[in-house]
Amino acid sequence: MATNPAAKTEIPPMFTPYKLRGVEMINRVVMSPLCMYSAEDGVVGDWHVVHLGSRAMGGAGLVIAEMSAVHPDGRISIRDAGIWDDKHTEPWKRVVDFVHENTDSKIGIQLGHAGRKADTGLSWQRGTDAQMEYGFDIVAPTAIPVSERARTPRVITDEEIVALPGLYKRATERAEEAGFDVLNFHCAHGYLMSSFISPLSNHRNDELGGPLENRMRLPLKIFAEVRKAWPEDRPIVVRISAVDWEESGHEIEDAVEIAKMFKAAGADAMDVSSGMVTNKRPPDTTMFQVPFAERIRADADMATMAVGNIETGEQMNDIISNGRADFCVVGRGHMYDPYLTRHIAREIGYDYPWPNEYGRGGGFRSKL
Amino acid sequence: MSPESDAATETPPMFTPFKLREMTLRNRVVMSPMCMYSADDLDGTPTDFHIVHLGSRAMGGAGLVFTEMTQISREARISPGDAGMYEDRHMEAWKKVVDFVHTRTDAKIGMQIGHAGRKACEPIAWKRHTPLTDDEKWEIVGPSAIKFGPDSEMPKEMNQSDIAKVVDDFVSAAKRADQAGFDIIEIHAGHGYLLSSFMSPLSNQRTDAYGGSLENRMKLSLEVYHAVRAVWPDEKPISARISAIDWNDDGNQIEDGVEIAKMFKAAGLDIIDVSSGNVTSERRPVTPGLFQTPFSEQIRREADMSTMTVGNLAVAEQINGVIAEGRADLCCVGKGHLFDPYFVRHAARELGYDLKWPNQYPAAGAFNPNPEIMR
Numbered sequence: 001m002a003t004n005p006a007a008k009t010e011i012p013p014m015f016t017p018y019k020l021r022g023v024e025m026i027n028r029v030v031m032s033p034l035c036m037y038s039a040e041d042g043v044v045g046d047w048h049v050v051h052l053g054s055r056a057m058g059g060a061g062l063v064i065a066e067m068s069a070v071h072p073d074g075r076i077s078i079r080d081a082g083i084w085d086d087k088h089t090e091p092w093k094r095v096v097d098f099v100h101e102n103t104d105s106k107i108g109i110q111l112g113h114a115g116r117k118a119d120t121g122l123s124w125q126r127g128t129d130a131q132m133e134y135g136f137d138i139v140a141p142t143a144i145p146v147s148e149r150a151r152t153p154r155v156i157t158d159e160e161i162v163a164l165p166g167l168y169k170r171a172t173e174r175a176e177e178a179g180f181d182v183l184n185f186h187c188a189h190g191y192l193m194s195s196f197i198s199p200l201s202n203h204r205n206d207e208l209g210g211p212l213e214n215r216m217r218l219p220l221k222i223f224a225e226v227r228k229a230w231p232e233d234r235p236i237v238v239r240i241s242a243v244d245w246e247e248s249g250h251e252i253e254d255a256v257e258i259a260k261m262f263k264a265a266g267a268d269a270m271d272v273s274s275g276m277v278t279n280k281r282p283p284d285t286t287m288f289q290v291p292f293a294e295r296i297r298a299d300a301d302m303a304t305m306a307v308g309n310i311e312t313g314e315q316m317n318d319i320i321s322n323g324r325a326d327f328c329v330v331g332r333g334h335m336y337d338p339y340l341t342r343h344i345a346r347e348i349g350y351d352y353p354w355p356n357e358y359g360r361g362g363g364f365r366s367k368l
Numbered sequence: 001m002s003p004e005s006d007a008a009t010e011t012p013p014m015f016t017p018f019k020l021r022e023m024t025l026r027n028r029v030v031m032s033p034m035c036m037y038s039a040d041d042l043d044g045t046p047t048d049f050h051i052v053h054l055g056s057r058a059m060g061g062a063g064l065v066f067t068e069m070t071q072i073s074r075e076a077r078i079s080p081g082d083a084g085m086y087e088d089r090h091m092e093a094w095k096k097v098v099d100f101v102h103t104r105t106d107a108k109i110g111m112q113i114g115h116a117g118r119k120a121c122e123p124i125a126w127k128r129h130t131p132l133t134d135d136e137k138w139e140i141v142g143p144s145a146i147k148f149g150p151d152s153e154m155p156k157e158m159n160q161s162d163i164a165k166v167v168d169d170f171v172s173a174a175k176r177a178d179q180a181g182f183d184i185i186e187i188h189a190g191h192g193y194l195l196s197s198f199m200s201p202l203s204n205q206r207t208d209a210y211g212g213s214l215e216n217r218m219k220l221s222l223e224v225y226h227a228v229r230a231v232w233p234d235e236k237p238i239s240a241r242i243s244a245i246d247w248n249d250d251g252n253q254i255e256d257g258v259e260i261a262k263m264f265k266a267a268g269l270d271i272i273d274v275s276s277g278n279v280t281s282e283r284r285p286v287t288p289g290l291f292q293t294p295f296s297e298q299i300r301r302e303a304d305m306s307t308m309t310v311g312n313l314a315v316a317e318q319i320n321g322v323i324a325e326g327r328a329d330l331c332c333v334g335k336g337h338l339f340d341p342y343f344v345r346h347a348a349r350e351l352g353y354d355l356k357w358p359n360q361y362p363a364a365g366a367f368n369p370n371p372e373i374m375r
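Quick mapping for you: the protein sequence lines, in order, are chains A and B. With the numbering used here, letter number 237 in the first sequence gets 237, and the count goes up by one each step, no holes. With the numbering used here, letter number 51 in the second sequence gets 51, and the count goes up by one each step, no holes.
In isolation and in its complexed conformation, chain A is listed as follows (with noise of 0.2 angstroms):
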């Protein structure tokens, strides 16, 4: 392990560990999730070990593997990333066993079903000339598209929500046998879970619509399911939108309470973003949705999870140290640079060991 000698002794707040259950990270930096759509059939392969692989090398406590489908009617493209059959558990395990064996992080995959947001196309295809849809069986709590130009969605029926836990469960219990020490569960963005939730996306008069204690019984009722079947010293986090960004839509109060039901039903942690249940976008600034996670971490008194716009290791160590969020979770970033984390030390000087092979990397010079 090569040393910096000039290295501060204190460790910046950003690199403490923090643990969840029986898992411990070695610091507070998360790679979000993040849609690769690089998998056939919902197969990843070797794209997903050096795209994990290489961020978990870069020092990452924790890295998220992308929105899995618990159905294949569940994926935003037909390029997904899936859980929901066995052939996907083994290459999954590739990916988990490359981390486990190579990293000091962790890696967590994120369970999800796109709902009316299914069979949208590859991210990078949409407005060219490739064929975008195919076919899905989309669904949703009612038959609203997500945007005007959106497909309009089916209502799911009453035997396709019995049969939901039954599918997040299996998917779980995928994700257990593949390794995974951490599980996201997908209750954001406007995929399924997140419009049962949202009162813009859910108009039912039955058991499942109409008060916030509704629209949470179908995500509370997987959840449980979920929970049953992940092991019980291995945490689950929940991702939700925790504003919608557009009038009748949640407010931060709505996220509050949504965040208090899944304490109660025994998250570990909320992962908090927001919007996306339309097409309206939001604000997207530096840090936009840190005041959602601080103000979720204080009134549920829960662990969270801070996302969007967080660049670099100030923000970061201010997010920690001010108690706004236990976790800072870096899509962008970890787009932009694998070894973020590494980098962020260097920068802070703060002595981050390097795996053995790449020990000369440590005395890198990269400034002249």
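Warning: the hint list may mix true and false statements.
[As the list claims (entries may be wrong)] Dumping the calculated DSS-like pairs for lysine-lysine here, alpha-carbon to alpha-carbon at most 30 angstroms:
id, chain 1, residue 1, chain 2, residue 2
1, B, Lys96, B, Lys165
2, B, Lys356, A, Lys280
3, B, Lys96, B, Lys127
4, A, Lys260, A, Lys280
5, A, Lys221, A, Lys87
6, A, Lys93, B, Lys96
7, A, Lys263, A, Lys228
8, B, Lys95, A, Lys87
9, A, Lys280, A, Lys263
10, A, Lys93, B, Lys95
11, A, Lys87, A, Lys169
12, B, Lys96, A, Lys87
13, B, Lys165, B, Lys262
14, A, Lys19, A, Lys93
15, B, Lys156, B, Lys127
Source of the hints: derived by calculation from the structure; they are not laboratory data.
Once you have looked at the hints, place chain B on chain A.
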């Protein structure tokens, strides 16, 4: 070969393409071969580690990435952790690495093949305080029975049949490298490893056709080159890494480096990768500057051939300078790539050069690493 013409374009010199035979590199940055000592079975097979290591750096924008020094035989290994190309299973495993680079990136990938000679049979770098057990050891060979350093094992002086086997092993490795799909091969003839130890008078005191004059000391390297060239496809280039000087008064000087390059060029070698030293246990001087680039420059001018320079290249400004000033055709970056797999992408950002991001990373271009400065 005329870098001056680049100055007329908007493209920074380091981002101009470069062609050797039918291989066109998208830019002038090469990831240097670097030993990883991480073969799976302690018998040469590369693993997912190598896919991630090389794959992420190919995604990081380098025009060419080289595998580590990959050994042509079991006994050629520096350590039990070395990667090899002496079994078909090695070829299959390397092919996965090559396929990833070719299908997912715009980089080319080369394999450096070598034989550690009298520097073989050492512990893995980070276990150097735990010597190999007798069971783990094997016999090491060299041109003469002279130790690499006072604490090294004594090599066996190679006989003619040992030499013939080495040539055959290089050929087999080259064939497998072609099968695996590598775009370029580099013969390691530097740093005191087997071919280098024949070239340096410090380690070669033979009295037969392989010792004595520089021409004789070059005989084995040229035999290997010709044998490899004969099986390596015409459209694919070959490089050789040399120690241009030995950093020792009794060893090779830069004039010898120029002669070595000329002999390789006359044999048909496409490019020479100019390093120095490490031929004995006396360390070469370590300076923060581009201490080896003058050797590349002199060889490029006097032997009139393409060169790669290597050693302490750290920032884009240096690379642009080296290319624009005609000091080398390609710049090998080693430590910089260990520190940062996306070294080239980050250099492009710094220079304001628009290097396309992979489709999967659309938001990367919008990331702002220095908000105070850039906003």
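Hints the structure violates: just list their numbers, smallest first.
Hint check: nothing fails, all pass.
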